[in-house]
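Those protein sequences? They're chains Y and A, same order as listed. Under my numbering, think of the first position of the first sequence as 1, with each following residue one higher. Under my numbering, think of the first position of the second sequence as 1, with each following residue one higher.
No lab work stands behind these hints, which were simulated from the structure alone. No residue lacks a Cβ here, since even glycine has one placed at the ideal position from N, Cα and C. Careful, some of the hints might be misleading.
[Claimed, not checked] Across the chosen pairs, the derived CB separations fall in these ranges:
hint : chain 1 : residue 1 : chain 2 : residue 2 : range
1    : A       : Thr113    : Y       : Thr60     : 36 to 44 Å
2    : A       : Ala2      : Y       : Ala1      : 32 to 40 Å
3    : A       : Gly51     : Y       : Ala81     : 37 to 45 Å
4    : A       : Lys15     : Y       : Tyr54     : 42 to 50 Å
5    : Y       : Leu113    : A       : Thr52     : 47 to 55 Å
6    : Y       : Glu56     : A       : Asn62     : 27 to 35 Å
[Stated by the list, open to error] Below, in silico cross-link-like pairs of lysine to any residue (SDA-like), each with a Cα-Cα straight-line distance of 25 Å or less:
hint : chain 1 : residue 1 : chain 2 : residue 2
7    : A       : Lys78     : Y       : Glu44
8    : A       : Lys11     : Y       : Gly43
9    : Y       : Lys73     : A       : Val89
10   : Y       : Lys111    : A       : Glu44
11   : A       : Lys17     : A       : Arg111
12   : Y       : Lys3      : A       : Phe45
13   : Y       : Lys111    : A       : Val89
14   : Y       : Lys111    : A       : Gly40
15   : A       : Lys15     : A       : Arg81
16   : Y       : Lys3      : Y       : Lys73
17   : A       : Lys17     : A       : Val114
18   : Y       : Lys16     : Y       : Pro40
19   : A       : Lys78     : Y       : Gly43
20   : Y       : Lys3      : A       : Leu60
21   : A       : Lys11     : Y       : Ile46
22   : A       : Lys15     : A       : Phe66
23   : Y       : Lys3      : A       : Asp57
24   : Y       : Lys111    : A       : Ala88
25   : A       : Lys11     : A       : Phe45
26   : Y       : Lys70     : A       : Arg100
27   : Y       : Lys111    : A       : Gln108
28   : Y       : Lys70     : Y       : Gln57
29   : Y       : Lys70     : A       : Ile98
30   : Y       : Lys73     : Y       : Ala18
[Stated by the list, open to error] Rough simulated footprint, nothing fancy, chain A against chain Y, three-plus residues with beta-carbon under 8 Å:
hint : region
31   : 35-44
32   : 94-103
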Amino acid sequence: AQKITQTQPGMFVQEKEAVTLDCTYDTSDQSYGLFWYKQPSSGEMIFLIYQGSYDEQNATEGRYSLNFQKARKSANLVISASQLGDSAMYFCAMRTSGTYKYIFGTGTRLKVLA
Amino acid sequence: GAGVSQTPSNKVTEKGKYVELRCDPISGHTALYWYRQSLGQGPEFLIYFQGTGAADDSGLPNDRFFAVRPEGSVSTLKIQRTERGDSAVYLCASSFSIERNTEAFFGQGTRLTVV
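Can you build the whole structure from these sequences, using the hints too?
Laid out in structure tokens, this is it:
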């Protein structure tokens, strides 16, 4: 079965500090993609970063990086130099070549403190 | 606009009524997805289309829910005999194609409230 697990319901981080949001996944497919989305209080789902299962290097997009550990089936999001605007819900998602649908975790609510 | 557009943004309906939710995907995107998100939860898959056909409707909760995409662009999610438990935000997303592992782009959602 395909599953995404996010074990941190809520996280706090001081402004300008780095924070890691955890994500583990379960799939028997060899080809899959891992995604992180941000959902501010306005409700829109904003795509942040993508990691393919065959990518050998960790993905980076500006202040976002994905710590991909394939053997552990983890895909943690690292946000560097946190900003107040980073306060939001963050969802980890997976899409496999077998099912094509995006499976989401339950999310982590991040609060950045001034 | 260039993004995914959903209408209406809010819908309040009485229990037992019929509702239609509309999604306009990004032009050129062949894959279209519907999700439902309850408060404090992650998006829950309902159905996705590749072109005009529903490729996977395994997430539709029961036969009161139905979705169409007759011309391979705009999609409508239809809910018959609405129940209070159907209250949620319904999200639509589109991606370039099913075959590629690319990100899906989401609309702002339709907040459905059944009273």
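**Q.** Unmet hints by their number, sorted upward, for this structure
**A.** The structure breaks hints 6, 9; every other hint is satisfied.
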